[in-house]
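First to last, the protein sequences are chains A and B. Per our numbering, the very first residue in the first sequence carries number 1; after that it's consecutive. Per our numbering, the very first residue in the second sequence carries number 1; after that it's consecutive.
Quick caveat, the hints were computed from the structure, so don't treat them as lab data. Note that the structure is a prediction, hence the values are computed from the model and not measured. Warning: the hint list may mix true and false statements.
Claimed, not checked - Calculated Cβ distances over 10 Å to all of chain A for the following chain B residues:
| id | residue |
| --- | --- |
| 1 | S79 |
| 2 | E98 |
| 3 | E167 |
| 4 | A224 |
| 5 | E244 |
| 6 | P252 |
| 7 | R279 |
| 8 | Y309 |
| 9 | D327 |
| 10 | L360 |
| 11 | L409 |
| 12 | I434 |
As the list claims (entries may be wrong) - Derived DSS-like pairs (lysine-lysine); straight-line CA-CA distance at most 30 Å:
| id | chain 1 | residue 1 | chain 2 | residue 2 |
| --- | --- | --- | --- | --- |
| 13 | B | K376 | A | K315 |
| 14 | A | K97 | B | K97 |
| 15 | B | K275 | B | K97 |
| 16 | A | K345 | B | K376 |
| 17 | A | K376 | A | K263 |
| 18 | B | K97 | A | K453 |
| 19 | A | K315 | A | K376 |
| 20 | A | K315 | B | K275 |
| 21 | B | K376 | B | K407 |
| 22 | B | K315 | A | K42 |
| 23 | A | K97 | B | K407 |
| 24 | B | K42 | B | K97 |
| 25 | A | K80 | B | K315 |
Where is the CB? At the ideal position from N, CA and C, for every residue including glycine.
Residues per chain are reported as follows:
There are 2 protein chains.
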Amino acid sequence: MNAISSLDSIFQYIDDHAEQTVSDLQEFCRQPSISTTRTGIKEMADLVHCRIGRTGMNSALHETAGHPIVTGELGGSASKTLLFYNHYDVQPAEPLKEWSSPPFEARVVDGHVIARGATDNKGNIISRIAAFEAFLAVRGELPCSVKYLIEGEEEIGSPSLEAFIIENQDFLSAEGCIWEDNTVREHVPVLALGNKGLCYLELRCRTANVDFHSSNAQMYENAAWRIAWALASMKDQEENVLVEGFYDGIQPLTGKEEELLDKIPSYDGQTRREKFELRQFALNLPDEALARRHLVHPSFNIAGFDAGYTGEGVKTIVSGRARAKIDCRLVVGQTPEKIHDCIRKHLDRNGFDDIETELLFGSLPAKSDPDSDVVKACAESSRLLYGEDPVINPFGCGSTPTWMVIKHLNVPLSSTGVGCITSRTHSANENLKIDHLIMGAKYMAAICEAFGKL
Amino acid sequence: MNAISSLDSIFQYIDDHAEQTVSDLQEFCRQPSISTTRTGIKEMADLVHCRIGRTGMNSALHETAGHPIVTGELGGSASKTLLFYNHYDVQPAEPLKEWSSPPFEARVVDGHVIARGATDNKGNIISRIAAFEAFLAVRGELPCSVKYLIEGEEEIGSPSLEAFIIENQDFLSAEGCIWEDNTVREHVPVLALGNKGLCYLELRCRTANVDFHSSNAQMYENAAWRIAWALASMKDQEENVLVEGFYDGIQPLTGKEEELLDKIPSYDGQTRREKFELRQFALNLPDEALARRHLVHPSFNIAGFDAGYTGEGVKTIVSGRARAKIDCRLVVGQTPEKIHDCIRKHLDRNGFDDIETELLFGSLPAKSDPDSDVVKACAESSRLLYGEDPVINPFGCGSTPTWMVIKHLNVPLSSTGVGCITSRTHSANENLKIDHLIMGAKYMAAICEAFGKL
Chain A
1 MNAISSLDSI FQYIDDHAEQ TVSDLQEFCR QPSISTTRTG IKEMADLVHC RIGRTGMNSA
61 LHETAGHPIV TGELGGSASK TLLFYNHYDV QPAEPLKEWS SPPFEARVVD GHVIARGATD
121 NKGNIISRIA AFEAFLAVRG ELPCSVKYLI EGEEEIGSPS LEAFIIENQD FLSAEGCIWE
181 DNTVREHVPV LALGNKGLCY LELRCRTANV DFHSSNAQMY ENAAWRIAWA LASMKDQEEN
241 VLVEGFYDGI QPLTGKEEEL LDKIPSYDGQ TRREKFELRQ FALNLPDEAL ARRHLVHPSF
301 NIAGFDAGYT GEGVKTIVSG RARAKIDCRL VVGQTPEKIH DCIRKHLDRN GFDDIETELL
361 FGSLPAKSDP DSDVVKACAE SSRLLYGEDP VINPFGCGST PTWMVIKHLN VPLSSTGVGC
421 ITSRTHSANE NLKIDHLIMG AKYMAAICEA FGKL
Chain B
1 MNAISSLDSI FQYIDDHAEQ TVSDLQEFCR QPSISTTRTG IKEMADLVHC RIGRTGMNSA
61 LHETAGHPIV TGELGGSASK TLLFYNHYDV QPAEPLKEWS SPPFEARVVD GHVIARGATD
121 NKGNIISRIA AFEAFLAVRG ELPCSVKYLI EGEEEIGSPS LEAFIIENQD FLSAEGCIWE
181 DNTVREHVPV LALGNKGLCY LELRCRTANV DFHSSNAQMY ENAAWRIAWA LASMKDQEEN
241 VLVEGFYDGI QPLTGKEEEL LDKIPSYDGQ TRREKFELRQ FALNLPDEAL ARRHLVHPSF
301 NIAGFDAGYT GEGVKTIVSG RARAKIDCRL VVGQTPEKIH DCIRKHLDRN GFDDIETELL
361 FGSLPAKSDP DSDVVKACAE SSRLLYGEDP VINPFGCGST PTWMVIKHLN VPLSSTGVGC
421 ITSRTHSANE NLKIDHLIMG AKYMAAICEA FGKL
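Please model the entire structure based on the sequences and the hints provided.
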């Protein structure tokens with residue numbers, strides 16, 4: 001019996017129950033669960049807890065300093081354990097007027113479920129549950145042991161997750177982890193084996209307790225100039241970060257990483273240039289250089305700058321206060337604390353000791369072993385279901401907390417899931433294509449099967 | 001009969017009618033006349049027109065493309081003509097909640113009239129009228145011919161004034177001009193003999209039609225960085241403007257200007273440092289260097305900068321749009337068009353041709369002859385009434401349109417008036433000290449007398 005024939009009945013079950021799977025997703029999406037406003041968090045945690053329990057898993061709801069974490073576990077025919085990570089919280093739905101149907105109505109339109117959370121991240125939870133239930137219904141057991149960790153604070157930076165993982169290291173131990181989500185691009189799943197870190201700083205300057213009439217500009221320091229000069233001292237127009245120590249400790253790429261990078265298809269620069277009306281990409285990068293730049297490099301970004309008069313027309317003032325928000329996406333070897341420290345020292349050394357810095361958010365970068373069993377299981381399942389190797393991104397681009405699992409549990413992982421490039425996560429009209437939901441359930445089933453047999 | 005004895009009865013009349021003068025000011029202040037919202041403009045123009053007529057002057061109300069201009073004229077015992085310039089419009093009163101009494105109630109509190117416009121500029125109009133009426137009542141005639149020009153758009157940049165002056169050059173011809181306003185500092189009047197120009201630009205950059213998630217910052221151009229780099233390329237931290245041509249054509253100071261500058265008292269740096277909680281003045285200037293820096297130098301100021309996320313906390317975006325407002329106070333030899341042109345060329349030469357510039361407002365700098373009769377009359381009158389020479393600032397610091405009178409009428413001028421450093425013009429609780437109003441009327445009377453005799 002080969003892998004394909006052994007899964008036929010599982011895939012058939014998933015197809016036969018597609019309607020129920022969509023209905024499950026709608027039930028999840030109709031319960032708002034906005035972490036930043038705490039809207040519906042308790043209700044959603046209860047709903048997830050009950051739904052996981054109904055699959056037959058041992059389900060538990062854990063109170064934390066923040067929002068509850070739901071866990072589940074169930075043994076399988078193989079003793080190897082696969083850990084799944086998802087989150088039940090969502091982004092706010094605003095601006096509401098931009099939605100074509102109400103964000104928590106989960107209407108099905110043209111083969112898509114339209115809802116806040118449809119892809120990020122409730123569709124992914126439902127695809128996993130559908131896979132588990134297919135095995136349990138058809139075979140009476142899972143092909144490997146499964147543990148499930150579903151938190152409610154991902155959209156606000158997962159402030160309670162690290163402590164929970166540290167406290168529950170034994171319970172969460174596993175041989176591999178399927179992380180949150182990813183996209184299917186041109187009918188091939190994309191995997192990401194880690195994440196970038198984030199160092200989010202606020203720079204504040206106050207030169208006076210008032211804004212002066214600008215006829216006094218010759219005499220008074222202007223906080224906007226102070227911040228503009230400080231910023232320009234930190235990165236040049238060729239995108240070189242000039243902050244001493246910024247690049248220190250960055251690990252060189254391994255041969256395997258180079259090999260994976262070479263296989264990543266070029267980004268479609270022309271489509272992006274047209275859609276977003278770009279003058280050019282940064283550094284006037286050609287299309288074939290975009291993916292590598294995007295995936296491998298750290299960034300040093302101005303996320304916001306405000307000073308003085310920002311309305312329409314003319315107002316003549318010397319800004320007594322100015323503020324910039326800097327966000328650096330970090331690669332392995334960098335940490336938010338080290339980067340904050342470099343920037344602080346740079347400012348002090350260059351006469352900007354009047355500019356205050358505050359680390360508003362930090363998270364660590366992480367990479368995972370590209371030769372791990374979980375990656376192999378994802379690759380084998382891609383060939384089985386999609387007929388091709390997956391695209392493997394050795395470095396995730398976002399700043400989700402994969403590093404917590406890698407650092408504290410030492411579990412290799414792969415991010416994969418049901419989203420696609422038009423899912424509009426975090427935006428109005430977030431949606432999930434029902435075909436991707438069902439295919440995603442089959443892909444999860446295949447991964448469990450393959451992982452159990454490796 | 002010397003000048004002093006000849007004015008005793010005039011001064012006595014002004015003192016005897018002080019109550020009526022305050023009441024006249026209250027009547028003016030109770031009529032709102034906010035040019036930017038057109039609130040009460042017509043009513044105020046009518047009121048000024050009637051009030052000027054009631055003095056016995058030939059008064060006229062002239063429609064313009066904008067708000068009406070009121071003029072008056074009356075011959076005097078001397079054939080020399082003194083032109084007066086004022087404006088009847090005021091700034092908005094917002095924020096209303098910061099006023100201790102309603103801004104258009106003109107309540108008298110502790111010897112001050114509290115009202116929007118009390119000093120800027122209605123108190124000045126009333127002080128002139130009180131002087132004229134004293135002469136007419138006591139002597140039956142003015143000591144020199146007087147022309148009066150009162151516009152209603154000063155607070156919005158005087159868009160209709162230049163055309164009016166050009167069209168009415170003959171009517172407005174005079175041998176001297178008393179301009180708008182100035183302050184009395186430590187019981188000595190301050191004169192200003194010109195004004196700075198203004199070049200107010202908006203710099204706009206659009207790198208994309210959206211803000212990107214900052215996990216893409218490595219790939220996309222950030223409009224905030226573009227503007228920050230452009231700004232830093234235009235002025236260094238030692239306040240040197242690096243834009244080629246910016247300083248071109250600036251006239252060196254004359255011996256007389258140097259002499260006047262040397263007589264200007266040092267600014268009280270310590271009081272300002274404490275009151276405004278300054279780290280330091282620009283360039284860490286010592287107190288004794290402040291006045292010269294303030295009066296002589298052009299400026300290159302950031303009046304506003306906004307890009308990306310400017311709220312509280314964390315939002316991770318690449319700014320697709322950014323905007324800065326630049327205002328340069330110009331000295332004689334610079335013009336807004338030339339400065340805009342230099343900046344445009346600088347941007348183009350330095351790779352910032354993607355940054356759009358727009359001249360939102362421009363006005364010319366001007367200087368007036370420090371040896372003119374009107375300045376002599378002001379100085380003589382200061383010695384008579386205040387017992388001391390006035391402080392003569394050869395360069396005004398604001399950007400009022402004195403240049404229009406100097407350029408099109410070729411009339412020397414002096415700005416002087418009833419304000420003081422605590423008048424709070426443009427702010428909540430604008431006020432005028434009644435003593436300054438009455439003393440200002442006497443000072444105007446003395447100036448007319450002295451000017452007629454020179």
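We went through each hint and held it up to the structure:
{"no.": "1", "hint": "S79", "result": "37 Å, holds"}
{"no.": "2", "hint": "E98", "result": "13 Å, holds"}
{"no.": "3", "hint": "E167", "result": "26 Å, holds"}
{"no.": "4", "hint": "A224", "result": "4 Å, violated"}
{"no.": "5", "hint": "E244", "result": "19 Å, holds"}
{"no.": "6", "hint": "P252", "result": "18 Å, holds"}
{"no.": "7", "hint": "R279", "result": "5 Å, violated"}
{"no.": "8", "hint": "Y309", "result": "4 Å, violated"}
{"no.": "9", "hint": "D327", "result": "5 Å, violated"}
{"no.": "10", "hint": "L360", "result": "5 Å, violated"}
{"no.": "11", "hint": "L409", "result": "24 Å, holds"}
{"no.": "12", "hint": "I434", "result": "26 Å, holds"}
{"no.": "13", "hint": "B:K376 x A:K315", "result": "36 Å, violated"}
{"no.": "14", "hint": "A:K97 x B:K97", "result": "34 Å, violated"}
{"no.": "15", "hint": "B:K275 x B:K97", "result": "22 Å, holds"}
{"no.": "16", "hint": "A:K345 x B:K376", "result": "58 Å, violated"}
{"no.": "17", "hint": "A:K376 x A:K263", "result": "16 Å, holds"}
{"no.": "18", "hint": "B:K97 x A:K453", "result": "74 Å, violated"}
{"no.": "19", "hint": "A:K315 x A:K376", "result": "62 Å, violated"}
{"no.": "20", "hint": "A:K315 x B:K275", "result": "23 Å, holds"}
{"no.": "21", "hint": "B:K376 x B:K407", "result": "21 Å, holds"}
{"no.": "22", "hint": "B:K315 x A:K42", "result": "25 Å, holds"}
{"no.": "23", "hint": "A:K97 x B:K407", "result": "55 Å, violated"}
{"no.": "24", "hint": "B:K42 x B:K97", "result": "27 Å, holds"}
{"no.": "25", "hint": "A:K80 x B:K315", "result": "40 Å, violated"}
The structure is inconsistent with the numbered hints 4, 7, 8, 9, 10, 13, 14, 16, 18, 19, 23 and 25, although it conforms to all the rest.
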